[in-house]
Amino acid sequence: GESVGLHLPTLSVQEGDNSIINCAYSNSASDYFIWYKQESGKGPQFIIDIRSNMDKRQGQRVTVLLNKTVKHLSLQIAATQPGDSAVYFCAENNNNNDMRFGAGTRLTVKP
Amino acid sequence: EAGVAQSPRYKIIEKRQSVAFWCNPISGHATLYWYQQILGQGPKLLIQFQNNGVVDDSQLPKDRFSAERLKGVDSTLKIQPAKLEDSAVYLCASSPSGVLNTEAFFGQGTRLTVV
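Protein chains in written order, with this note's numbering: chain G, 1 to 111; chain U, 1001 to 1115.
No wet-lab data here; the hints were simulated from the structure.
Where chain G lies over chain U, by a calculated footprint (3+ residues, C-beta under 8 Å): (1) 1044-1056; (2) 1089-1095; (3) 1104-1115.
Note that this is a predicted model, so its numbers are computed, not measured.
A virtual CB, placed ideally from N, CA and C, is assigned to each residue, including glycine.
Isolated chain U, as found in the complex (with noise of 0.2 Å):
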């Protein structure tokens, strides 16, 4: 079974630039997490979908972040004007459809570097 896709690997923009990030999930996952791991701490959950429907993006910074998930199957997550503080793993997560308290399958992550 294929994992998690996630693309580009690493990302060097400038600050006030535009990025945008690629997720895959496992065929079949209903549930799609976007987190955001800055370094020395712990995965913090930016926005959760329920196939194309936004379930949690109560810590996502709205006036520079925006994800969607149209078809319910793939994601992307853009941030637009990046800043410093953006600097961060991004990883995408999916749990398997119509399955509470299940564990989530992660991708590897996308690096962002923001100079």
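Only chain G is shown next, with the shape it has when bound in the complex (with noise of 0.2 Å):
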């Protein structure tokens, strides 16, 4: 079936450099993107997201990318810093809020 899934499991940063976390969809019917992080012990917490009819979006250090020609997500976080320790998931959505997540990548940040 489709489905969302990233190119990495582990991604491993030193503190103050910048993060790319990518994901690859295959549901060209999906027209908004969202990225969660996720904390041990915890549930996905929202970062950012965008919509079909842009190609970029910037947040507070975080910035979404979008292409759709290749079907093509990421995430870059910039000076990356202990506490964005987590691990990124991709999840995309449809018009009936039908939400599906990717596997996962696991960022770790060395000081």
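The task is to assemble the complex, starting from two chains supplied on their own in separate frames and drawing on the hints.
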């Protein structure tokens, strides 16, 4: 079936560096995408979203890029901090609010 | 604003026993989701409600799992009988009413261990 997936299961970066987490999706009907952060023992927490009529959206230290041509989504975190260590999931949504998640990438920030 | 409340936080049962989880969504949120998250994996949608109606339960193992949201507010998810492979975190989430394409807000989850 169609699914959302991630290229890298783990990512380790040095504190202060920029992080890029990638996600591939295959459902061309998806029109809304969300990045979630999940810390150990907690539920996923919203980071940033983007709609399919956009190709870039910026938040505080985070940027999401959407390339609909190749069905690719990325999350960029600037000046990564130890508190950014977590598992990051992309999720895709359609007009039924049917939200599906990818497998996740574990980000580890080294001091 | 209070978040999504789930209980219990942890549950350990023997295989073939039954178990129930409870979720109270954010007030006014019409959409409620139940997800199963196996260790090391992303959340898998089990069932989605819009008010008290089911929108999507295509991935719910209906021979053993059931869920209800009778009054369109809180919801329960039941497993009967449980299997070892049901060990996972069960996450409840909700979205605002009448709004498409908006993020879901998650509870802390219930960690189920089947032994």
